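Spelled out, the chains give:
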Amino acid sequence: MVAARARFEEPAAGPLQRLGFSRLDPLTALAAIGLILVSVFVISETTQNDVAGNPYYYAIRQAIYAVVGIALMLAIARVDYSRFRELRVGIYAAMIALIVLVLLIGVAVGGANRWIELPFFRFQPSELGKVLLVVALAGFVIDRARRAKESQRTARLLLLGIVPALIVFLQPDLGTALVYGVVTLAVLFVAGTRWTHFAFLGGLAVAAVGIVLVVAPAVGAPVLEGYQQERLTSFLNPSADPSGSSYQTSQALIGVGSGGKTGRGDDATQAGAGFLPEGRTDFIFAVIAERYGFAGAAFLLSLYALLIWRALRITTLSKNLYGSLIAAGIAAMLMFQVFVNVGMNLGIMPVTGIPLPLMSYGGSSVLATFIAVGLLQSVFVQARLASPSRALAL
Amino acid sequence: MITPLEERRAHSGSQFAVRVALLSGIALVAFAAIFFRLWYLQVLSGEEYLAQATDNRIREIKIQAPRGEILDANDKVLVANRKALSLQILPEELPVNNGERHDVIRELGGVMDERPRKIRREIRRQTKELPANPVTLQLDVDPNLALFLRERADRFPGIRTEEVYVRKYPQGAMAAHVLGYVTEINEELLEEPVYSDLVPGDRIGRDGVEFQYDQMLRGQNGAIRVQVDAQGNPVGRTLAERAPQPGNDLKLTIDKRVQAAGESALSTYSAGLRSSFVAMSVDDGAILGMGSSPTYEPEIFTPPADTDAVEAIFAPDGLGPANNYAISGQFPTGSTFKLVTALAGLEEGIVTTATTIADAGVWEWGGVKWQNAGEQPYGSVDLGRALEVSSDIYFYMLARDAIYAGDGEAIQKWATELGFGAPTGIDLPNELGGFVPSEDAVNEKFEEGLFLDGWVPGQNLNFSIGQGFFTATPLQLALAYATVGNGGSLVRPHVAERVVSPSGETVQDINPEPRRDVEINPAYRQAIMDGLTRAANGPEGTSTAVFGNYPIEIAGKTGTAERPDLLSDQSWYAALAPADDPEVVVIVTVEGGGFGADTAAPAAKEILSAYFPGPQTESGPAPVAADSVE
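Top line first, the protein sequences correspond to chains A and B. For the first sequence, the numbering used here gives the first residue as 1, with consecutive numbering after it. For the second sequence, the numbering used here gives the first residue as 395, with consecutive numbering after it.
Certain hints may be false.
Said to hold, decoys possible - Sample of chain B residues lacking proximity to chain A, with all beta carbon distances greater than 10 Å (derived):
no.	residue
1	Ile420
2	Ala427
3	Glu441
4	Glu442
5	Lys512
Said to hold, decoys possible - What follows is a set of in silico ranges between Cβ atoms, one per label pair, in the way DEER data are often shown:
no.	chain 1	residue 1	chain 2	residue 2	range
6	A	Ile60	B	Thr701	26 to 32 Å
7	A	Ile64	B	Arg549	47 to 53 Å
8	A	Asp266	B	Glu899	47 to 53 Å
9	B	Arg511	A	Leu159	47 to 53 Å
10	B	Arg476	A	Ile64	44 to 50 Å
11	B	Lys562	A	Tyr56	52 to 58 Å
Claimed, not checked - Partner residues are not named here, just some residues of chain B that face chain A (Cβ under 7 Å, in silico):
no.	residue
12	Val414
13	Ser418
14	Gly419
15	Ala421
16	Arg431
17	Ser439
18	Asn450
19	Gln770
Calculated directly from the structure, the hints in this document are not laboratory data. Model, not experiment: these values are computed from the prediction. The beta carbon of each residue, even a glycine, is placed where N, CA and C say it ideally should be.
Generate coordinates for the entire structure from the input sequences, incorporating the hints supplied.
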């Protein structure tokens, strides 16, 4: 290992090298940093009237999160992720502790108890929890790969994912709970869980959705809050009640549509005049699509495509299964969040309050995503160290 | 720990490659879906959404046009407008979320010092009646409160303060029935073609001339188009402006003094039941005064409307104070009808002015005992004396003879000629036409189950003295007297005289053509006028006690209609004045008022005194009256 590392050390280290960029996957870094730069730029352009007397309140904060996030990414990239495998129980326990803590001491905003008030910012543990779950679960998968019967193993691993998902669901945060579920399934899937188990899980999922959306309300024991159920179903018909629960969807559609090919720039009114709520968080994609049109939105999606492609590529490049599972879990996490958030902005997905990674304003999400990207980089770096020729192949 | 071998198998086997490929496939499909959707929305439907975005931010703000004023014949203001600061809730713009909505209402209640429960109740009440309309919480809001709310518009979504014009009634309840009232338009009426250019929240006239001349009075609301943000707050400049066009003023034929006298007379002589009066110019049908008791204050409809008071004026069964009994009360008119019977008898040759009968007070015909009031015998009675003393026997005998003359319906024919049995066509809503009891008409009603009896010849005798199945409105009676008084012109009564534009130009003179000419033999007319003059002035006249010493000679007839449904008589008086060349007809009726001479006649005298101010007037009417007649 030492020899391998030595080979890759450049004789004269430039500033980027000194910061630790040299061994990173440049495309992943490019995508992630490109996205956060777009985010800071867009937020600085569109939120100048949000806080009276402080036009760059949100932009400056997002920039700080970006800098801290990039530093975290670089730091984690330097660590060999394989060490986390031994810490899986601790990581899992920390994650559970964090999201349980939020239920106990969290502050409620808009009826949801998702945040812990810190001196300098409001921390949303469930964001960090997503990444911790990926890391811990990947460790458990490998740990259990040789134990017990396969069906039992699948069930236990599933339980490890479902427990935090349920806790987050109770906050209530349906969107993030779904991310936990998707991440769990993706890790199990890539780990080689039997097809028959997935078929069984698919059946279970259909039954669960049926019970939650149809049977439970019918017998008078609804699982979802009324607004949750409305949001989940109203996107199917956004014009039915433009002032009600589908208001956001129809306003987002108007915003996206009115952007046209090249966008409306400073004439954009959907966000500027406040028709589109949550314009810097959940609906930032619609804001961008309105301002910068198809050209801007497509560019943004290309950055996400690049990032996700790299995550999937790193899944296959990894030197061991543990790294592959981490990369796969992160790839699934990013994919699901991007698809659900953008889909919600485009009216083809329900409104679930999932942030757009590296784009939506918010420290917890930005930092958690950079930690995830840092893990991807760590997998890449280790793969490159183990087998330089393989890692260099795109 | 997992063995490296096992791990490697799971990691690099074809299973692993297939699964990662599948994950990639899902990513590819998801991105393809997003790209296509984005292409569809932005490139293919961009224009359409851009139009929606524009719609979103352009708001038309209505500028209410003041409604025209309503003036009396001497330009005394009966209805005016005033500007008021109105605190309104737009229910559709309140937060959808229950908790947030309650918060807004609670906070509003706090600043306006009102219990939130009361505000919510008011919203419920008003939205029940007018679902799409703004809810008016308070009129004449404290300007400081309005300023407070405007400055904090973001904290009070759906709450606005607006300057509105509301009706002002400087004369209070005076002429309420003629004027009518104004309310916000309801959903049902919005569907009607005449209101097609109105929107929820607009105000329309709902009764009286406010209703009848609504389009003239209403004016046209203006609007400004402004760019707004999502809260509806104007941002940037006004894009376009359309100035409101104030409504036209309406000048009535009503003379405030006559009106006031009539209303005060009704309240003096009312027996607690219904009463009404009509004073009308004989020559052209201009209504000088018209009133109905009980009455109401039109002010109760000013938003926020006093619902209890509004309900009360329609109760019970829609027969309450909201009704104008002068045009919609259908009553037997008692002996005042003898004018018609007399004219029919003369014109159809059933009697002459010289025909005399022997009136013993009681007369038996057809197995029935017919009698004068109190079985009073009058001895030898001709037409003049029959009218003077109001001999029922004379008219019973005339009616009996009419059965056998011609088609037997001489009185019905002349009643119809003089306008009974059909609405007069006055420019007021809700007029009714009364009932002329011919054999066919009565039998038809009987067959429909509306009458308990069919036609028998005796009905003709009841009819001759304004009883039985016969009903008429006070206005119809006024029209019949006017037609005899003016020598045969069946005029069209009207309360409006002129529509005047805000700049003072006449938009329309309201001078309806008479409905028809009724051919009346001047000699017969004179005989009847003489008889009516004797009734008010002669030694035996039924109303000589009231009018005997009146400076102006009156031709007048009392009526005492039996009202089996009330257990007391309905008092009537019909007066034409001056008797030699009538200018004005006055009708008064008081339910439960007893003899015509007891209540209706003195009430009529008060009205006439307002029309002829000062007993010294000998050389013609007062200038005021002259104005309103010509």
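Review point. Hint by hint, which ones does the structure fall short of?
Key: Of the numbered hints given earlier, those the structure breaks are 1, 2, 3, 4, 6, 7, 10, 14, 19, listed in rising order.
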